[in-house]
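Student: Residue numbers (our numbering), protein chains in the order written: chain A, -7 to 70; chain B, 66 to 316.
Keep in mind that the hints are not guaranteed to be accurate.
[To be verified] Simulated restraints, written as ranges between beta carbons of each label pair: (1) A:D11 <-> B:L168: 56 to 66 Å; (2) B:A243 <-> A:E12: 27 to 37 Å; (3) B:R245 <-> A:G56: 17 to 27 Å; (4) A:M45 <-> B:T244: 19 to 29 Å; (5) B:A301 <-> A:D44: 34 to 44 Å.
Derived by calculation from the structure, the hints in this document are not laboratory data. Everything numeric in this text was worked out from a predicted model, so none of it was measured. Glycine is no exception: its CB is placed at the ideal position from the N, C-alpha and C atoms.
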Amino acid sequence: MATVVERVTKVIVDRLGVDESEVKIEASFRDDLGADSLDVVELVMELEDEFDMEISDDDAEKIGTVGDAVSYIEAKVN
Amino acid sequence: MVKMSRFEGKAAIVTGASRGIGREIALNLANEGAKVVVNYSGSKDKADEVVELIKNAGGEAFAIQADVSNADSVKNMIDETIATFGSIDILVNNAGITRDNLLMRMKEDEWDDVIDINLKGVFLCTKGVTRQMMRQRAGKIVNVASIVGVSGNPGQANYVAAKAGVIGLTKTTAKELATRNINVNAVAPGFITTDMTETLSEDVQKQMLANIPLGKLGSPENVAKTVLFLLSDDAAYITGQTIHVDGGMVM
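Working from the sequences, and respecting the hints, build out all of it.
Tutor: Below, the structure is given as C-alpha cells:
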C-alpha cells in the first residue's frame, strides 16, 4: 500500500507534468512547481478523488505546498 | 432535409425551461439529440409538459425543481444531472424574473429578488457545473442576458443591473475557463414575444417597433437558434461574447 506522500506525489506529477524529484515536501505549487491558480483548484479536485474525501473551499485555500496537502490528508485519513 | 444533430448524447441543463425562451432552447436542444434537464421554479405542470414533448419525440429529459438563487437547491440539481446523465456538457443560464418599478419607487426586496435570481443564480449554476466541466476538459455555457443590460431601460434598474452583471460575469468566466476548453458566451435578446412582453400595452409595443430596424418583434426561436449556435462546435473559436438578438435595435 502506497503511503500518503507517495500517492500525493503521483497526483502532482500526473497533473502538473513535473519530475518526481521536484516534488519536495516544502515545494510550493505555484512558486516551485509552476502551477497557476486553476491548476491548484484542479489538483485539489484530484486529491479528493484519490483519497475519496471532500475538501472544503476554506480548507483548499490553505493548501499551498506539497507538505500542506500531505498533512491535511493525513490528519483527515487518520 | 438531413436532420441536424449537433448535440447527440450531450447532457444539457437549461434553467427556467418551463416557459418562453428557456422552453424553446430545451426543445431545440432535444431535437438535436441532447439529453435535457428541464429546470423550473414554480411551474411544475409546464415543465412536465416540456419533458413530455421531448419524450414523445423520442428524446431524453427530466424536470427538476430548483431555486437557482439557493446554493443547496442548485447543488441538488447538478448532482441529479450527473447521476442520471453521467456528464454535464451544456449549461444554459436562462432563469429570470422581472420586478419593474421606477428607481424612486423600487423597494429593496424588488431589487434583491431580481439580483438574486437573475445574477446570483447565474453565478451559482456556473460555479456548480464548472467542476464537472473542468474534469471533462470540455463544456459550453450560454447566459441569457438582455439587450437592456447594454442599453439601460427606465423602470428596470434591478433587471438592467442584473443583466449587465451577467454580461460581465460571462467575460470573466470565459477568461478563467478558456484554458480548460470551456466556452462561455451570452445572448442579449431584444423584444421577444413571451409571457413577459405580452403584458405590455399596445402603445408601448408600437413604440418599441419604431426602434427596431428589422421592424418586428423577435420569437423565442430566434433566440434559441442563436443559443444553439453558440453551444455548437461551429462556435468553437468564440468565447466571452454577447450576441445581440434584437432585430438591430442596439448596434
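Student: Which numbered hints does this structure break?
Tutor: none
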